[in-house]
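Build out the structure end to end from the sequences listed, making use of the hints.
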Amino acid sequence: MPETMPDNRAWLGVLPVLLVVAFSAVIPLMTVVNYSVQDIFDVHTRLFVGFDWYRETLRDPRFLDALVRQLGFSAAVLALEVPLGILVARALPRDGRWVGVLLVLLAVPLLIPWNVVGTIWQLFARPDIGLLGRAVNELGIPFNYTAEPLHAWITLLMMDVWHWTSLVALLAFSGLTAIPGQCYQAAAMDGMSGVQVFRHVELPRLKSVLVIAVLLRLMDSFMIYTEPFVLTGGGPGNSTTFLSQYLTTMAVGQFDLGPAAAFSVLYFLVVLLLCWLFYTSVIAERGER
Amino acid sequence: MLELESLVLKPGARPISHRFPAGRISVVLGRNRSGKTALTRVIAGLDEPVSGDVRLNGESLASASPGIRSVSLVYQTFVNYPGWTVAGNLGSPLVAARWDRERIRIRVREIAGKLGLADLLDRYPDALSGGQQQRVAIGRALAKGADVLVMDEPLVNLDYKLRESLQLELKSLLHELGVTVIYTTTDPRDAFALGDALVLLAEHTLLQSGTPLAVYDRPASPAAAHLMSDPQANQVPGDPPALVRPEHLYLKPHAADDASFSVEVLGTETNGSETFLHCRPEPVEAHADHWVAHLSGLVDLPAGGRVTLYAPAGSLLTFEEQREAPALG
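Order-wise, the sequence lines are chains H and F.
Everything in the first sequence is counted per the working numbering, starting at 1 for the first residue and increasing by one.
Everything in the second sequence is counted per the working numbering, starting at 290 for the first residue and increasing by one.
Errors might be hidden in some of the hints.
As the list claims (entries may be wrong) - So the derived list for chain H, only partly shown, Cβ under 7 Å to chain F, looks like this: (1) 179; (2) 184; (3) 186; (4) 190; (5) 191; (6) 204; (7) 208; (8) 280; (9) 284.
Everything labelled a hint here was simulated from the structure, so no lab data went into it.
Built from N, CA and C at the ideal position, the CB exists for glycine as well.
Below you can see the structure in the form of structure tokens.
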């Protein structure tokens with residue numbers, strides 16, 4: 001039988017997908033990469049500067065401060081919302097007619113637009129007219145998130161917990177309902193305590209949904225913009241200025257497109273790196289089995 | 290010894306009083322939803338009975354929580370701790386009971402050796418086959434060192450060959466350990482393969498109890514006869530009505546006083562060594578329109594043909610009266 005030439009025309013079938021991906025993802029991203037290595041004066045005057053903008057961004061103390069704040073914020077968000085979400089999910093009844101109602105109530109904060117959430121808390125926590133801020137002050141605890149960095153952080157974290165714990169709770173609840181009742185009964189027969197049941201029966205089976213929950217919250221909290229912008233505008237001082245807000249100031253406020261582009265690429269890489277680190281560490285742990 | 294005292298499993302069901310012989314395997318045979326699982330759960334302490342009591346060595350278990358009573362339970366699904374290795378799983382009841390580490394290690398080795406799990410101690414349950422997972426679950430139940438081991442259809446999710454080999458292994462292991470076993474099943478063959486004693490359960494109450502052979506030979510009611518027969522016993526029209534088991538029907542007479550039945554052949558199922566003959570007795574009666582004869586060897590009869598089946602006179606099961614099943618002690 002004569003050897004036939006390999007027919008490569010099938011590759012053409014991939015073309016539409018390639019075009020869609022190119023126009024939706026690669027080309028916009030490359031534009032940013034392109035800007036990040038040039039100094040642009042006007043439409044006709046541009047200068048290739050290599051990695052200068054990256055170097056400058058990485059040496060910029062305001063970028064580094066924002067990055068540290070960002071890491072602290074995301075860490076605090078995860079440390080608060082994941083355990084709290086699991087607690088809420090465990091407290092929910094597994095069946096009965098109230099489950100549906102409770103789940104809808106839980107989902108309500110997730111349906112509120114971010115800027116509305118910011119506005120709600122901006123009003124709620126105001127020391128002069130806000131229910132929360134006024135009440136706390138009346139109790140004799142001075143509280144003013146517009147003046148005190150710590151208070152601003154507390155308000156911001158409370159807001160984020162209020163807004164997003166439901167997501168973790170709903171995910172954890174779905175994981176918990178998938179655990180067969182017999183596993184709980186077996187633990188009861190073994191005489192396990194409540195803590196042991198959580199540690200050895202529930203947690204191993206919640207692992208996969210918790211990975212999703214942590215990844216979602218990590219990415220989202222790392223990109224937080226609207227809520228602190230509405231609540232504090234990044235203040236007092238720069239105490240609640242996170243990466244996204246600093247980036248916006250740079251790109252839209254000062255129109256420093258080169259450094260802003262370098263910033264964007266770095267920002268993207270940091271998020272990617274964190275998610276990758278987290279995910280591979282989880283996978284590695286599974287791989288050991 | 291485990292005793293049930295006027296135990297009511299479901300509102301309206303007749304109370305059950307029964308003694309499970311100590312150190313023996315009692316098979317509880319019943320169809321789906323006959324109350325087998327309800328019984329195991331009450332004995333394990335996971336559910337409260339409607340009324341009545343469970344006594345272990347003379348003491349009531351009513352106030353003992355599942356973790357405290359000397360009862361362990363094996364489910365039909367393979368229930369293990371996914372985050373623990375086989376060794377961890379086997380030791381889990383001992384960890385909960387706060388044994389020290391060295392004692393747990395020795396105990397786990399001993400149990401693993403008995404169940405053929407010694408080479409798998411470092412594996413996680415999800416890396417085991419179904420049979421191995423169920424061995425781990427059985428090992429966990431044994432590790433607790435309970436006087437009573439309740440097994441709720443433990444082998445039903447395993448494939449046929451594995452089930453048979455594990456069944457034989459279990460029988461000798463359980464006898465060796467001298468633990469009182471309550472083993473539920475829907476399959477009458479399990480009663481003979483495993484059971485020192487047999488309890489028939491229907492509609493959440495006790496139908497009959499005794500040794501498997503005694504229950505097979507002298508069923509107390511048609512329901513008991515049907516339960517101990519697979520496929521179901523055939524109804525012989527007449528007064529009083531009688532039953533004849535599929536395996537007691539032959540194509541040739543053995544004695545002069547054999548009962549004979551003329552039947553119309555509906556079809557045959559054969560696997561070479563045995564044949565199930567589906568047929569209809571004549572004259573046709575509404576309540577007995579389908580019979581099965583369990584014949585040995587390869588039998589091929591054309592559908593629509595007529596044959597005569599014979600049954601030894603002593604094999605016809607008659608019941609003095611259609612009384613309701615007595616709650617035997």
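- residue 184(H) as an interface hint toward chain F, with CB separation required under 7 Å: violated (10 Å)
- Item | Hint status (Cβ of residue 186(H) to nearest Cβ of chain F, threshold 7 Å) | holds (5 Å)
- Hint check: is the beta carbon of residue 204(H) less than 7 Å from a beta carbon of chain F? holds (3 Å)
- Query: Should the hint that residue 190(H) touches chain F count as held when the rule is a Cβ pair under 7 Å?
  - Reply: Where the cut-off is 7 Å and the nearest Cβ of chain F is about 4 Å from residue 190(H), the hint holds.
- Could you check if residue 191(H) really has its C-beta closer than 7 Å to a C-beta on chain F? holds (3 Å)
- Please verify that hint: residue 284(H), Cβ, nearest Cβ of chain F, below 7 Å or not. Given a least distance of 15 Å, the restraint on residue 284(H) is violated.
- With 7 Å as the cut and Cβ atoms as the points, is residue 179(H) at the interface with chain F? Status violated, d = 10 Å.
- Regarding the hint that residue 280(H) lies at the interface with chain F, is the smallest CB-CB distance below 7 Å? Violated. Min distance 20 Å.
- Please verify that hint: residue 208(H), Cβ, nearest Cβ of chain F, below 7 Å or not. violated (11 Å)
In summary, the structure is inconsistent with hints 1, 2, 7, 8 and 9 from the numbered list given earlier, while agreeing with the others.
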